[in-house]
Structure formats: C-alpha cells, structure tokens
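One line per chain: the protein sequences are H and W, in this order.
Under the numbering used here, think of the first position of the first sequence as 1, with each following residue one higher.
Under the numbering used here, think of the first position of the second sequence as 1, with each following residue one higher.
Everything labelled a hint here was simulated from the structure, so no lab data went into it.
Careful: at least some of the hints might be erroneous.
Computed cross-link-like contacts, BS3-like style, restricted to lysine-lysine with a CA-CA straight-line distance of at most 27 Å [to be verified]: (1) H:82 to H:70; (2) H:70 to H:87; (3) W:87 to W:70; (4) H:82 to W:311; (5) H:132 to W:82; (6) W:82 to H:311; (7) H:87 to W:311; (8) H:259 to H:326; (9) H:150 to H:311; (10) W:132 to H:311; (11) H:82 to W:87; (12) W:87 to H:89; (13) H:311 to W:311; (14) W:150 to H:311; (15) W:178 to H:150; (16) H:57 to H:20; (17) W:89 to H:89; (18) H:326 to W:150; (19) H:311 to W:87; (20) W:87 to H:87; (21) W:150 to H:178.
A few chain H positions that, by computed beta-carbon distances, are all more than 10 Å from chain W [claimed, not checked]: (22) 28; (23) 33; (24) 63; (25) 91; (26) 204; (27) 253.
Think of the CB as a built atom: it goes at the ideal place given N, C-alpha and C, for glycine as much as any other residue.
There are 2 protein chains.
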Amino acid sequence: MATIKDIASKLGISVSAVSKGLNGASDISEELRQMVLDTAVEMGYSTKRSRKEEHRKLAIFIENMEYENKGDFGFDIILGFKQSAFKHKWDVEVIPVTPAFQLSEKYDTYMLKHGFSGSFVLGFTLHDEWMKQFEHTTTPTVLFDNFISKNPNVSYIGTDNYEGIDLAIEHLANLGHKRIAFLNGSSHSMVSEQRLDAFRLSMVHHGLIVDDKLTAYGYYMAGSAQDHVPAFLDLGATAIMCGNDLIATGVLNECRLRKYDIPKDISVIGFDDIPIASKCNLTTINQDRHELGKCAYVALSAMTHHIAISKTLMRPRLVIRNTTGKLS
Amino acid sequence: MATIKDIASKLGISVSAVSKGLNGASDISEELRQMVLDTAVEMGYSTKRSRKEEHRKLAIFIENMEYENKGDFGFDIILGFKQSAFKHKWDVEVIPVTPAFQLSEKYDTYMLKHGFSGSFVLGFTLHDEWMKQFEHTTTPTVLFDNFISKNPNVSYIGTDNYEGIDLAIEHLANLGHKRIAFLNGSSHSMVSEQRLDAFRLSMVHHGLIVDDKLTAYGYYMAGSAQDHVPAFLDLGATAIMCGNDLIATGVLNECRLRKYDIPKDISVIGFDDIPIASKCNLTTINQDRHELGKCAYVALSAMTHHIAISKTLMRPRLVIRNTTGKLS
Chain H
1 MATIKDIASK
11 LGISVSAVSK
21 GLNGASDISE
31 ELRQMVLDTA
41 VEMGYSTKRS
51 RKEEHRKLAI
61 FIENMEYENK
71 GDFGFDIILG
81 FKQSAFKHKW
91 DVEVIPVTPA
101 FQLSEKYDTY
111 MLKHGFSGSF
121 VLGFTLHDEW
131 MKQFEHTTTP
141 TVLFDNFISK
151 NPNVSYIGTD
161 NYEGIDLAIE
171 HLANLGHKRI
181 AFLNGSSHSM
191 VSEQRLDAFR
201 LSMVHHGLIV
211 DDKLTAYGYY
221 MAGSAQDHVP
231 AFLDLGATAI
241 MCGNDLIATG
251 VLNECRLRKY
261 DIPKDISVIG
271 FDDIPIASKC
281 NLTTINQDRH
291 ELGKCAYVAL
301 SAMTHHIAIS
311 KTLMRPRLVI
321 RNTTGKLS
Chain W
1 MATIKDIASK
11 LGISVSAVSK
21 GLNGASDISE
31 ELRQMVLDTA
41 VEMGYSTKRS
51 RKEEHRKLAI
61 FIENMEYENK
71 GDFGFDIILG
81 FKQSAFKHKW
91 DVEVIPVTPA
101 FQLSEKYDTY
111 MLKHGFSGSF
121 VLGFTLHDEW
131 MKQFEHTTTP
141 TVLFDNFISK
151 NPNVSYIGTD
161 NYEGIDLAIE
171 HLANLGHKRI
181 AFLNGSSHSM
191 VSEQRLDAFR
201 LSMVHHGLIV
211 DDKLTAYGYY
221 MAGSAQDHVP
231 AFLDLGATAI
241 MCGNDLIATG
251 VLNECRLRKY
261 DIPKDISVIG
271 FDDIPIASKC
281 NLTTINQDRH
291 ELGKCAYVAL
301 SAMTHHIAIS
311 KTLMRPRLVI
321 RNTTGKLS
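Go ahead and model the full structure; you've got the sequences and the hints to work with.
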C-alpha cells in the first residue's frame, strides 16, 4: 500500500504538500489537491486512510429512486441501513447523484476527498459512469440490485427476482391464466433484465407460451401503463404482471377506463409491496426493504473487514389481495 | 400457532400427557412420545417452543465431508460457525448423519425432540431424504452448497461457483490454453452441477470449444483421477480443471506417472485451497471456509428472527502457484 512519501516522490512534490492535499488544507491550489487525490487513489492509498479510527463516515448514493417520504420505495431501505450503521457508530450521509455528477467526479477520489470508508449505492443503471469504475474500486461498496463480477470490494444485495416472478406466475397459473402479459420497468437495468428472464423461465416452467407481443419494457412509473395496456387487452391478455407497484396502479387505471372488471376480467400483480399496494388492494410481491437496508450494512461492514461477500439475496413473498382472481 | 391444548385435543389425550411427550419425561411410552412430537411438528408447534430463552442449541448435520482434522475441508467452516454461535451464547452439537439415519428420523421431529432451534447442514446430496423435507421445514436451516426454493426457513450459503470457475478458465485462457479438460466431483450434487454449467459458460465466454469428451463427473477424492486422466491426455488436453484440490492431487500424480512435466506439458487447477493445495504448490480457487462458517451463523440467526435470507455467496479467489504455466 502506498505511503504519503510514495505519492510525493511520484509527483515530485514535497511530503507536506501531499499531506495538505489529502487533508484538504486551504493553502494549496485546487488543481494540486485534485492531482494528489487522483494519484493517491491510483496508488491504492484510499483504503489505508479510510480505515483509521477517526473516519466513521459512510455514504449512500441514490439515483432514479424516490426515498424521502414514508411511502417511497427507497425510504425503508435507507432507514434500515442507517439504523444498523448508527448502532455501530457510523455517520451516514445520503447523497443524490446524477449521471453528470458521476462524469465530473471519480468515485474513489470522491470517497477519499470526503473521508468516506464505504458506500451503499441505490438505483444506478447499467450505463452509469460509476458502474464501470466499480469494477476496479478499492473502496468497500454495496450495490442495491446491481452486480459487479470479480471485485472483492463490491457486494450485491437485493431480493431474489427469479423466485419473486415465479411466485407471481405460479399464482396466476393456479388461477387458470394462460395469456399472461408482462409490463416490465426500464431497460438498461439489471433488475428489469432479470425479471424478464425470470418471466420467460417461469412461463415455460408452468407450461405456458411466452408471446413476445405480451412483454414490454416501460419505465417504473404509473404513466408507463397507457403505452402498453391497450395492446395487451386487444391481444387477449387475462393477467398482467407488472415491473413494480407504481406501474400496476397505472395498469389498474387503464383497465378500469376500458370497463374491464378487476379481477373478474383481468388480474393484475405488482412488485415491491410499497404502501400504495395495500391502499389499492393490489396483489404483489413483497420485498422486505427494511431488512434489505440492514443486510446491506452487514455486507458493507464485512467488506471493511476484508470479508468478500459477493451476493446477499432476500426471499420475496407473495401477498395476495383483491386484484387477482380465477379466470372466468 | 398450535398450543399444547390443541395437540391434546387433536390426539384425544390429556394436556399433561402432551407436555410429558414434549419434555421427554420417562413415564410415557416411546410410541406415545413419538406421536406427540409428530403431531406437534405437523401443527407447527416446533417454532414456538424452540424460541424460548432456555433453548440455546444449534445442530450441525454433516455428511460426505471430512471435518475432524485441521486440513479437512469442513474443519474451518465448522470452526467459524461455532465461534460465531458461541459468541452469541449458543451451544452447538456436530452430528454426522447417513442416508439411513435420514430415513429413520423426520427432520422437524428430530429438531423438536432434541431441542434444537436451528441447524447448519453440510455435504448433503440432491437425493438425500431430508432435502425433500427441507422444502417444507418450519425450522431455521442453513444449507452449505444447497438451495431450496420458496421456503423462507431455509437459506443457502456458499462460494460463487460461476465466478470461481471463470477465474480459473480466464487464467488458463490467458496462458494460451485451448484444450481444457474438466474433471468434476460427484454427480447428484448441486455444486458439481453449477461448476459444470459454469465451465461451459466460461469456455464459450473465452471463445474456447467445449469438447464433451474432456468433461467428466468423478468423485471428490484423489482416486477419481485415474479413471479419466489417461483419456484426457490422449485427447490432447493441455490443462485440467478439477472439482476440488483432492482430485487435483490425484491428477498431478497421474500426469507425473506418465512423465508429463507440470506445468510445462500440462497445467492443473484445483478448487477450495485446503492446506494440501499449498503443500503441493497447486494453483487453485480459494474458498474462505472460516468466513463461510461465520456467515452461515449470520444467516441462521437472521432466520430465527424471521428475516428470510435466501442466498449468501462469498467471493472466490484465484491463488496462482506452480501447477499452471504458459502453453509451450
């Protein structure tokens, strides 16, 4: 592991200048500071510094996910993570990010500059800039619903999507449905890709035919329904599996607008079981978001102790309410 | 959840007789006791009883795996599990089992009868009797290298076999090998099946051709090598990936008997990194067995608190020693 002296000799500057750069002193230029930080990260210095006793700060980076209010998908995940982290005397800072922000700051440099020992990352898409950097990061990093292969500093946490989709399809198949549509969330998302794959596998497993005209990528919002539900209904779908609960609420609306009775004429299943699902009496697949947050902390804590947990998957749970019924 | 009264009324016997049966009193017949226990399990009584404060006993069931001596595969796994469990004031009993034993005792009944709150299960094959029972068990159960779908009381812990095999094949491909053989462990094992699947995927991923004549199931012992190595060598294999380190030691022997120089003429990779691997200077894929044991405890403890962790996978690590080299 590189020392301050190594960094100084690589850059041809004094040890004290390096030290100032690392500690954010005000009497060196911003350019020199950035160069010191980038070099320190490159030489593997970050890990050493961030493991000092006085640094007890973790970051939560979040994008493409609502989390500020109690009903939001991310709310309980962040709550669970924070509760576990606080118990072990870590400070936690929640940092909303954008693609532009990721392009402007290198991940490891950002972590070093701000004194974070590790992070929990939520809502990133497959083409986010930092996703590439996670392949080689030396900072302990837990990804919600994303996987990076072969880097022992990165861990994946999520709910088993294959089992979740299979629970839903099994439920619909038991009710006699055969023409099952799948309105997925956004493409460029590992979770969406897994759920589509799981949908195909589960349909085949239950002896049902996958009609490609009955599967579509949308986006993880209610508004996504209007683009696809009319075609699904015209093609004779009797059940619609949705990528999340928000999409499902949109699907319920679109069906009712067209005078389809739920669940007599059509069954609808969501995914996540956020509070709106129980309000709408929606059958859905529950993710235990509070526990996901807690387990994310466990995985992050393990990595800060050099224990490389690759994946932690929680069990999904089928919650049957009033939007699914026997095929009439 | 059933009460003692429910069990008594179902069996048409007194509450005190049920209580005696559950507590192992000596003044009721063995037949009646078994009937009480079976009925209690059937009615979901086990969970309730085993969560009482005074019951702090966990079982480790082990089969088909050496564990008693320091160099054995199971030794560190059990050590890690016990260390974590002892820290949280659990007693742990290691119970070697056989297929006959599993046929003679129902799993949940056994757990209730002996006052175990949960178990860690190692070395079971896919056709073991208890594997069927795990699909519906109400007892928190962690399976090493085995997976049961849709039961929130069962959790799978292991090393990511896909990544492990891919690390090995990537290493061999980088050394220029194309004719890579795979001498797997026993069939009827989830791990063996995963590793074969991983081998095929990784070969394709690296642009290499899978020759079915160069893959074989054997058994997880050195003796397995003599049945397959001669054919692999005749067919022009330049590298042999092995299902574990013991098989690899057998492969090294067979190659040397035939005057093949290692690694000049042929490269050999093991799996596990047990102590014999470093003694033989064997390149292998490391499983962190001590941490696997500790993480198994974490998953079991979570389940006793109704937190359903489905899978925990650890990162494998490529350990390069002297049995792999550039294709000459």
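Results for each hint:
1. Pair hint residue 82 of chain H plus residue 70 of chain H holds up; C-alpha atoms about 15 Å apart against a cutoff of 27 Å.
2. Proposed proximity of residue 70 of chain H and residue 87 of chain H is supported: the alpha carbons are some 21 Å apart, at most 27 Å.
3. Restraint check for residue 87 of chain W and residue 70 of chain W: the C-alpha separation of about 21 Å stays at or below 27 Å, so the hint holds.
4. For the given pair, residue 82 of chain H sits about 23 Å from residue 311 of chain W by alpha-carbon distance, which is consistent with the 27 Å threshold.
5. The suggested pairing of residue 132 of chain H with residue 82 of chain W is violated, with an alpha-carbon distance near 39 Å, which exceeds 27 Å.
6. Taking the CA atoms of residue 82 of chain W and residue 311 of chain H, the gap is about 23 Å. The hint holds against a cut of 27 Å.
7. At roughly 25 Å between alpha-carbon atoms, residue 87 of chain H and residue 311 of chain W fall within 27 Å of each other, so this suggested pair holds.
8. For a cut-off of 27 Å, the pair hint linking residue 259 of chain H to residue 326 of chain H stands: about 18 Å separates their Cα positions.
9. Taking the CA atoms of residue 150 of chain H and residue 311 of chain H, the gap is near 12 Å; set against the 27 Å cutoff, the hint holds.
10. As the CA atoms of residue 132 of chain W and residue 311 of chain H are separated by approximately 25 Å, the hinted pair is consistent with the 27 Å bound.
11. Note on residue 82 of chain H and residue 87 of chain W: the hinted pairing holds, with a Cα-Cα distance of about 25 Å set against a maximum of 27 Å.
12. The suggested pairing of residue 87 of chain W with residue 89 of chain H holds, with an alpha-carbon distance near 21 Å, which does not exceed 27 Å.
13. At roughly 7 Å between alpha-carbon atoms, residue 311 of chain H and residue 311 of chain W fall within 27 Å of each other, so this suggested pair holds.
14. Using a Cα cut-off of 27 Å, the hinted pair residue 150 of chain W and residue 311 of chain H holds, with the two alpha carbons roughly 18 Å apart.
15. Proposed proximity of residue 178 of chain W and residue 150 of chain H is supported: the alpha carbons are some 22 Å apart, at most 27 Å.
16. Taken as a hint, the residue 57 of chain H and residue 20 of chain H pair is honoured in the structure, with Cα atoms around 20 Å apart against an allowance of 27 Å.
17. At most 27 Å may separate the alpha-carbon atoms for a hinted pair to count; residue 89 of chain W and residue 89 of chain H meet this at roughly 24 Å.
18. Restraint check for residue 326 of chain H and residue 150 of chain W: the C-alpha separation of about 23 Å stays at or below 27 Å, so the hint holds.
19. For a cut-off of 27 Å, the pair hint linking residue 311 of chain H to residue 87 of chain W stands: about 25 Å separates their Cα positions.
20. Note on residue 87 of chain W and residue 87 of chain H: the hinted pairing holds, with a Cα-Cα distance of about 18 Å set against a maximum of 27 Å.
21. Restraint check: the Cα-Cα separation between residue 150 of chain W and residue 178 of chain H comes to about 22 Å, which is no more than 27 Å; the hinted pair holds.
22. Once the 10 Å rule is applied to beta carbons, residue 28 of chain H is consistent with being away from chain W; the minimum gap is 38 Å.
23. With a minimum CB-CB distance of about 34 Å to chain W, residue 33 of chain H clears the 10 Å threshold, and the non-interface call stands.
24. With a cut of 10 Å on Cβ distances, residue 63 of chain H stays outside the contact zone with chain W, its closest approach being about 25 Å.
25. Here residue 91 of chain H stays apart from chain W, with its beta-carbon at least about 24 Å from theirs, past the 10 Å limit.
26. Residue 204 of chain H, annotated as away from the interface, keeps every beta carbon of chain W farther than 10 Å; the closest lies near 16 Å.
27. Taking the minimum C-beta to C-beta distance to chain W, about 31 Å, the non-interface status of residue 253 of chain H holds against the 10 Å cut.
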